[in-house]
Amino acid sequence: MPPTPAELREPVLAWFAVHARDLPWRAADRSAWGVLVSEVMLQQTPVVRVEPAWRSWMARWPTPADLAAASTADVLRAWDRLGYPRRALRLQECARAVVERHDGIVPSSEPELLALPGVGSYTAAAVLAFAYGRRSVVLDTNVRRVLARTVDGVALPAPSQTVDEVRRATRYVPDDDATAARWAAASMELGALVCTARSPRCDVCPVQDVCAWYAAGRPADEHAGRRKVQTFTGTDRQVRGRVMALLRDALGPVPAAAVDAVWPDARQLARCVDGLVADGLVTRDPAASVDDPPTYRLPS
DNA sequence: AAATCGGGGAG
DNA sequence: CTCCCAGATTT
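If you count by our numbering, then the first sequence holds residues 4 to 303, one letter each, in order.
Treat the hints as calculated values from the structure; they're not laboratory data. Where hints are given, some of them may not hold.
Ranges of calculated distance between the beta carbons of each label pair, as one might list FRET restraints [what the hints assert, rightly or not]:
#, residue 1, residue 2, range
1, Thr7, Arg270, 37 to 43 Å
2, Asp155, Gly107, 41 to 47 Å
3, Glu13, Ala248, 46 to 52 Å
4, Asp83, Gly107, 33 to 39 Å
5, Asp268, Asp178, 54 to 60 Å
6, Ala118, Arg221, 19 to 25 Å
7, Val280, Val21, 23 to 29 Å
8, Glu103, Asp277, 41 to 47 Å
9, Pro302, Pro65, 50 to 56 Å
10, Arg270, Arg63, 36 to 42 Å
11, Asp252, Arg63, 42 to 48 Å
12, Leu249, Arg174, 47 to 53 Å
13, Ala118, Thr236, 33 to 39 Å
14, Thr144, Asp69, 26 to 32 Å
Glycine included, each C-beta is placed from N, C-alpha and C at the ideal position.
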C-alpha cells in the first residue's frame, strides 16, 4: 500500500520547516533570475560547489542584461570548473533571450520558460515553483528517488524518466500554489539530505513509517548492472576539459603547439578541439602566414 | 530510449 | 577505484 499524498506530504513539509538548508538562492531578497541561474548551475553539479560560484556570479552579473552584455570569455572563465561549459554558454544565450523576448524579466509561464536556451522540463518547473511560488511538477533526481522508494518500494528510479512516472508524481503535488511550491523544495531536500542515493538515513526519515521501500526491507536496486556508469578518464570529456582549462588560464591567444601538449593522442585531441570550436566554446584564429599553425582562445 | 557532455568529493 | 550530483540536447 503506497502512502496517500497527504500521508507523504505532511511529514515531509513539517520536516522541511525544521531542516531546510539556508541556501543563498532561497533568501528572501533573491531575484527570479537568481533562481534561474542557480538551477542551471545545479544541473549535474552538487550544491556545495555551486554555492560560492553563484554568489560571485550574481555579484558580478545581477541581471539578465548584465550577463547578456558580458564577454563570453569572461563568462566561461567565471564558470570555471562547474562542469559542462555548454551550460555557461546557454545561460548567456538565455540571458539574451530574456532581454530580447521578455524585456529583461524572467517569464512566469511554462511554455515561455521551456523556450529559453538551457531550460528543460525540470528547470522550467523549478523556476515556476521557487521564483514565482506557482504549482508545478518538479521532478529532479532527488524527487524521483524519494517517490521511487516511498511509493513504488524500489531502491532507485528507472534510468530514464517515463511519462508514467511524471503522471504519478503529479498526483502527489498539492493543489494550491504555495503548498505545491513548498512540496517541491521539501521533497528535493529530503532526497538530498536523508533519502540519499548511497546510504539513506532511514533512521531519521520523517516518512519511514509510510515508506514502501522500507516496509519491504529495503530491497536492492533492480536496475543494478544495467546502469550506465559514465567513465571519465581518457574520454573526450576529459580531453575537452583540459583544453578548456588551458584556454581559461591563458592571458592571450594560445599557440597550437601548447594545445597539442595537453593530450598525447593527436587524433583524439584534434577531434575534441574541432568539437569545441563547433560548440562555440573555442575560437580558432588562422595564423598570419598561411603555413603556420593557428592559435586558439575563448570566444569574445 | 540512448549517448553525449566536466569535474570533484564521498564511500 | 566506483559512483553520483536540483539535466538538457541531440540522435
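So, going through the hints one by one against the coordinates:
1. Thr7 to Arg270: 37 to 43 Å: Since Thr7 and Arg270 have Cβ atoms about 58 Å apart, the given range 37 to 43 Å is violated.
2. Asp155 to Gly107: 41 to 47 Å: Because 43 Å falls inside the window, the suggested range holds.
3. Glu13 to Ala248: 46 to 52 Å: Given a distance of about 48 Å, which is inside 46 to 52 Å, the answer is holds.
4. Asp83 to Gly107: 33 to 39 Å: Violated - the Cβ-Cβ distance for Asp83 and Gly107, about 26 Å, lies outside 33 to 39 Å.
5. Asp268 to Asp178: 54 to 60 Å: Holds - the Cβ-Cβ distance for Asp268 and Asp178, about 56 Å, lies within 54 to 60 Å.
6. Ala118 to Arg221: 19 to 25 Å: For Ala118 and Arg221 the Cβ distance comes to about 42 Å; the hint is violated.
7. Val280 to Val21: 23 to 29 Å: Since Val280 and Val21 have Cβ atoms about 51 Å apart, the given range 23 to 29 Å is violated.
8. Glu103 to Asp277: 41 to 47 Å: violated (30 Å)
9. Pro302 to Pro65: 50 to 56 Å: violated (23 Å)
10. Arg270 to Arg63: 36 to 42 Å: holds (39 Å)
11. Asp252 to Arg63: 42 to 48 Å: Once the Cβ atoms are compared, 19 Å apart, the range 42 to 48 Å for Arg63 and Asp252 is violated.
12. Leu249 to Arg174: 47 to 53 Å: holds (50 Å)
13. Ala118 to Thr236: 33 to 39 Å: About 37 Å separates the Cβ atoms of Ala118 and Thr236, which means 33 to 39 Å holds.
14. Thr144 to Asp69: 26 to 32 Å: Holds, at about 30 Å.
Consistency note: the structure conflicts with the earlier hints numbered 1, 4, 6, 7, 8, 9, 11.
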